[in-house]
Amino acid sequence: MKTNFIRAILLCGSAMTVACPAIAQAREPAEAASQAAPRADSAVIGEVVVTARRRDERLQDVPVSVTALSAEALERSSVQELRSIGVLSPGLTFTNEGGGGNATLSLRGIGQIPLGEGTPGVVIYVNNMALPPDGSNVPTYDIASIQVLKGPQGTLFGKNTLGGAVLVSSKAPDYHFGGYVEGTYGRFDYREIQGAVNIPLVEDKVALRIAGQIRRQDPRTGSFDGGPGFDNIHQDGVRVSLLVEPVEGLKSTTIAEYYKRHERFAGTYLIRQNFPFGVFFGPALGPILDAQVAPEVAKQHANPRSSYDGGVNGGSGYTRSKSITNDTIYK
Numbered sequence: 044m045k046t047n048f049i050r051a052i053l054l055c056g057s058a059m060t061v062a063c064p065a066i067a068q069a070r071e072p073a074e075a076a077s078q079a080a081p082r083a084d085s086a087v088i089g090e091v092v093v094t095a096r097r098r099d100e101r102l103q104d105v106p107v108s109v110t111a112l113s114a115e116a117l118e119r120s121s122v123q124e125l126r127s128i129g130v131l132s133p134g135l136t137f138t139n140e141g142g143g144g145n146a147t148l149s150l151r152g153i154g155q156i157p158l159g160e161g162t163p164g165v166v167i168y169v170n171n172m173a174l175p176p177d178g179s180n181v182p183t184y185d186i187a188s189i190q191v192l193k194g195p196q197g198t199l200f201g202k203n204t205l206g207g208a209v210l211v212s213s214k215a216p217d218y219h220f221g222g223y224v225e226g227t228y229g230r231f232d233y234r235e236i237q238g239a240v241n242i243p244l245v246e247d248k249v250a251l252r253i254a255g256q257i258r259r260q261d262p263r264t265g266s267f268d269g270g271p272g273f274d275n276i277h278q279d280g281v282r283v284s285l286l287v288e289p290v291e292g293l294k295s296t297t298i299a300e301y302y303k304r305h306e307r308f309a310g311t312y313l314i315r316q317n318f319p320f321g322v323f324f325g326p327a328l329g330p331i332l333d334a335q336v337a338p339e340v341a342k343q344h345a346n347p348r349s350s351y352d353g354g355v356n357g358g359s360g361y362t363r364s365k366s367i368t369n370d371t372i373y374k
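To convert, count from 1 in the sequence shown and add 43; that's this note's numbering.
Wrong hints could be hidden among the right ones.
[Claimed, not checked] Ranges of calculated distance between the beta carbons of each label pair, as one might list FRET restraints:
1) Asp99 x Thr198: 31 to 41 Å
2) Lys202 x Gly226: 41 to 51 Å
3) Gly238 x Lys202: 34 to 44 Å
4) Asp99 x His219: 32 to 42 Å
Simulated from the structure, these hints should not be mistaken for lab results. No residue lacks a Cβ here, since even glycine has one placed at the ideal position from N, Cα and C.
Turn these sequences into a full structure, and let the hints steer you where they fit.
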């Protein structure tokens, strides 16, 4: 009797051992399917669209080295001016020359070309408008994306893009009413306020977006003569975008933008003259040249530098299978 009972227990254990792999095999496909679904969704959500070849394409389909920065990435990194993206794009360097508004770019070691008039090797485009080197350090408010194209881009973006190009795109109008307002306060009495409002004027036909920013900060560098100091921030910017879709497939966007900065940049004082032949003529020429240069340097530091920038960009495109794009720019 006892032997039969032990045999029954062993048979039950063997049956359970055989059934467990079957249960595990049945669960594995279901779990794999449930885990595969989020991956597919995340791939769709994470798709990045760039305009490196003057048309909308997926980033993985573009045969160009591109660093694409979304609005969320710029906000997480607290990017307030264009020069701040240098830490987000490897190989991109901003150097201020003559003040905070004049940014000289170099990409992969290629910057201003030392030939002829010293044309830049990297060009910044804001909504397809090329910025001059003096005044290219523009604020980044209400920006949709920034793309850094590395390598020669002369075929599509002109001869001055031997090192690459930086494409800045602002947020476009849409047919939903909304907006935002943000304020920031920081060291040296830093104040910033920016905002935007999106207004649908005609349902699915006309929409308007207005964005602006005001930035102020007290001087961060003192002055020997008790003057107002240097390295302050005084900037104002406004942008108006109008979207018109008269018929299905035909879209026209007009962008008008104005930007102003009025600042005293960090001063550089002439301490002494240093010549290769100073051993012979330095003691005699030093005081003469000091008397000529010092007033000019003091004059430059005493007067603030102002820069103004504005432009109108009108673009239209046919968004069917074949597209025709037209950009009319006045700056």
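Hints, verified against the model:
1. Asp99 x Thr198: 31 to 41 Å: violated, 18 Å
2. Lys202 x Gly226: 41 to 51 Å: holds, 43 Å
3. Gly238 x Lys202: 34 to 44 Å: holds, 38 Å
4. Asp99 x His219: 32 to 42 Å: Given about 21 Å between the Cβ atoms, the range is violated.
Hints 1, 4 from the earlier list are contradicted by this structure; the remaining hints agree with it.
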